[in-house]
Amino acid sequence: MHADPISHEPRALIIEDEILIAEELRDRLSRLGFSVIAAVDSGEEGVAIATRERPDLVLMDIRLKGEIDGVQAANEIRRHVDVPIVYLTAHSDRSTVERAKQTEHDGFLMKSFLRRELQSTLEVAMQRHAIRAKLKKQ
Amino acid sequence: MSLPTVRLGSVVPSHFLKRQLDVIGVGSLGTLGVLIAWHRPAQWLLTTNFLPHAYCYLSNRALVWTNVVADSLIGIAYLAISVTLGYLGYKGRRDIPYHGMFLAFGLFILGCGGTHFVEAVTVWIPVYILAAVVKVLTAAVSLTTAAVLPFTVPHVFDMIRQAKTTEQRTAELRASEERKDALLQEVHHRVKNNLAVICSLFYLQSTHSKDEETVQIFQDMENRVHSIALVHESLYGSENLARIDFAKYAQGLAEGILASHGSPGVHVDLKTELEPVTMGVDLAIPCGLILNELVSNAFRHGFPDGMGGNIKLTLHSDREGRFTLCVQDSGVGIPSGVDVNMSQSLGLKLVRLLTKQIRGSFELVRSDPGTSAHLHFSVNHHAC
Chain G
1 MHADPISHEP
11 RALIIEDEIL
21 IAEELRDRLS
31 RLGFSVIAAV
41 DSGEEGVAIA
51 TRERPDLVLM
61 DIRLKGEIDG
71 VQAANEIRRH
81 VDVPIVYLTA
91 HSDRSTVERA
101 KQTEHDGFLM
111 KSFLRRELQS
121 TLEVAMQRHA
131 IRAKLKKQ
Chain P
139 MSLPTVRLGS
149 VVPSHFLKRQ
159 LDVIGVGSLG
169 TLGVLIAWHR
179 PAQWLLTTNF
189 LPHAYCYLSN
199 RALVWTNVVA
209 DSLIGIAYLA
219 ISVTLGYLGY
229 KGRRDIPYHG
239 MFLAFGLFIL
249 GCGGTHFVEA
259 VTVWIPVYIL
269 AAVVKVLTAA
279 VSLTTAAVLP
289 FTVPHVFDMI
299 RQAKTTEQRT
309 AELRASEERK
319 DALLQEVHHR
329 VKNNLAVICS
339 LFYLQSTHSK
349 DEETVQIFQD
359 MENRVHSIAL
369 VHESLYGSEN
379 LARIDFAKYA
389 QGLAEGILAS
399 HGSPGVHVDL
409 KTELEPVTMG
419 VDLAIPCGLI
429 LNELVSNAFR
439 HGFPDGMGGN
449 IKLTLHSDRE
459 GRFTLCVQDS
469 GVGIPSGVDV
479 NMSQSLGLKL
489 VRLLTKQIRG
499 SFELVRSDPG
509 TSAHLHFSVN
519 HHAC
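Residue numbers (this note's numbering), protein chains in the order written: chain G, 1 to 138; chain P, 139 to 522.
Source of the hints: derived by calculation from the structure; they are not laboratory data.
All C-beta atoms, glycine included, are put in the ideal place defined by N, C-alpha and C.
Among the clues, some could well be false.
Claimed, not checked - Straight-line distance between alpha carbons at most 35 Å, and here's what the computed DSBU-like set of lysine-lysine pairs gives:
| no. | chain 1 | residue 1 | chain 2 | residue 2 |
| --- | --- | --- | --- | --- |
| 1 | P | K318 | G | K101 |
| 2 | P | K386 | G | K65 |
| 3 | P | K386 | G | K101 |
| 4 | P | K494 | P | K409 |
| 5 | G | K134 | G | K101 |
| 6 | P | K348 | P | K450 |
| 7 | P | K409 | G | K101 |
| 8 | G | K101 | P | K450 |
| 9 | P | K318 | G | K65 |
| 10 | P | K450 | P | K487 |
Said to hold, decoys possible - Label pairs and their calculated CB-CB ranges:
| no. | chain 1 | residue 1 | chain 2 | residue 2 | range |
| --- | --- | --- | --- | --- | --- |
| 11 | P | V353 | G | V81 | 44 to 54 Å |
| 12 | P | L322 | G | E98 | 17 to 27 Å |
| 13 | P | D506 | G | S35 | 46 to 56 Å |
With the sequences and hints as input, model every part of the structure.
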């Protein structure tokens with residue numbers, strides 16, 4: 001984990017099962033100054049890359065291909081690396097969203113409001129995470 | 139869901155029972171009438187030249203009172219039970235099968251109660267003839283009830299079987315309803331997902347163009363498809379899979395549109411005043427598309443060159459249930475001499491076409507300041 005995000009482009013990992021939506025996210029993130037290290041469509045792959053690459057941010061869809069869903073993948077990633085995770089949701093999967101809210105996370109992003117909320121949600125998520133990391137150190 | 143009423147195969151015993159009860163009732167009332175009108179039989183009935191029971195008890199106070207109190211209490215209890223059964227049989231004569239059986243049991247228990255009351259009296263007053271008559275009447279009612287009861291047994295079993303089948307069918311229906319809902323939810327999710335992919339395609343295509351006008355066209359298309367996708371998203375998350383909360387939808391849609399048009403340093407605020415209303419898909423989609431055009435237009439034409447201001451979105455209904463959706467901006471307004479209702483822009487053309495589809499009416503007027511667009515429509519024509 002890099003303490004000072006200004007010194008380099010923050011590195012983001014996208015875990016999203018719809019490849020074209022992932023591509024849109026990749027484009028939007030690069031416009032916001034992120035370097036996207038990968039966009040994958042399964043939780044297992046996401047966990048492997050996050051553990052190996054230690055990104056500065058993970059954008060996680062809750063519905064995923066493969067055996068595990070986004071909430072399980074996020075828990076698994078957190079066991080290995082300390083990284084801000086922002087869930088991507090369609091706000092309607094209520095029960096899943098409730099389950100996701102109970103796990104530690106740094107933000108929620110409605111897929112329908114990418115344009116409106118992407119930047120602010122990511123900024124807040126990274127700040128929140130930085131503060132939490134600082135508190136843990138003390 | 140209402141349960142189907144249980145139909146009986148045969149009601150013969152019930153008819154038979156009713157006739158018996160009628161005979162007993164008329165007989166008892168007749169006897170009572172004769173006794174009142176002609177006091178000789180009454181005197182005979184109330185003959186007391188026997189030894190009261192107290193003699194048998196050797197006037198043992200404890201024994202006498204124990205018997206009297208116990209008999210009275212039993213009598214009171216029987217009376218209460220028969221009143222309840224009688225009430226049930228009478229009130230439920232349309233809904234309870236074999237309600238006559240309740241009346242028969244009530245009468246039979248009433249008779250039993252009567253024998254106990256007489257027992258309590260004969261401790262001191264030896265009206266043994268009355269006691270015997272009460273017992274004979276009770277025996278008649280009991281025998282009738284006993285004779286009729288076995289006939290009802292097969293029918294009761296039938297009813298139980300039918301009730302069980304009904305219960306099973308209800309459970310099956312409920313399960314299939316749940317499966318249908320889950321499937322419908324999945325369909326809405328997929329439709330929304332596919333529309334989201336189309337939005338991404340428009341976005342990605344727009345990033346490959348340097349021409350601002352082309353980028354704008356793709357963004358407009360993305361917004362239009364997005365307004366439809368949002369209806370499906372609202373649907374599959376709602377309790378009711380057929381209707382959406384339009385106020386919530388409109389708020390989210392308008393916020394999204396402003397965000398998509400927004401550029402740094404431009405501040406156009408959104409104010410909303412939306413009356414709650416639910417709509418079916420057939421109305422929500424055209425309304426959403428119209429709203430998308432109106433808010434986009436207000437932003438684009440009302441606030442040129444980075445000008446700030448606000449857009450007010452209201453939804454009100456009148457007493458007849460007609461709704462008015464209003465988009466009002468505080469922007470520069472329509473230049474004088476321009477008739478917007480003759481405008482050939484695609485946005486306004488879509489608004490006019492969709493207004494026709496929902497059988498509504500639309501007008502764009504100069505307000506002070508800016509412009510306001512009013513859409514009138516009725517929700518009831520589109521009841522789902």
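Evaluated hints:
| no. | hint | in the structure |
| --- | --- | --- |
| 1 | K318(P) x K101(G) | holds, 28 Å |
| 2 | K386(P) x K65(G) | holds, 31 Å |
| 3 | K386(P) x K101(G) | holds, 22 Å |
| 4 | K494(P) x K409(P) | holds, 27 Å |
| 5 | K134(G) x K101(G) | holds, 22 Å |
| 6 | K348(P) x K450(P) | holds, 33 Å |
| 7 | K409(P) x K101(G) | holds, 29 Å |
| 8 | K101(G) x K450(P) | holds, 33 Å |
| 9 | K318(P) x K65(G) | holds, 24 Å |
| 10 | K450(P) x K487(P) | holds, 22 Å |
| 11 | V353(P) x V81(G): 44 to 54 Å | violated, 38 Å |
| 12 | L322(P) x E98(G): 17 to 27 Å | holds, 21 Å |
| 13 | D506(P) x S35(G): 46 to 56 Å | holds, 50 Å |
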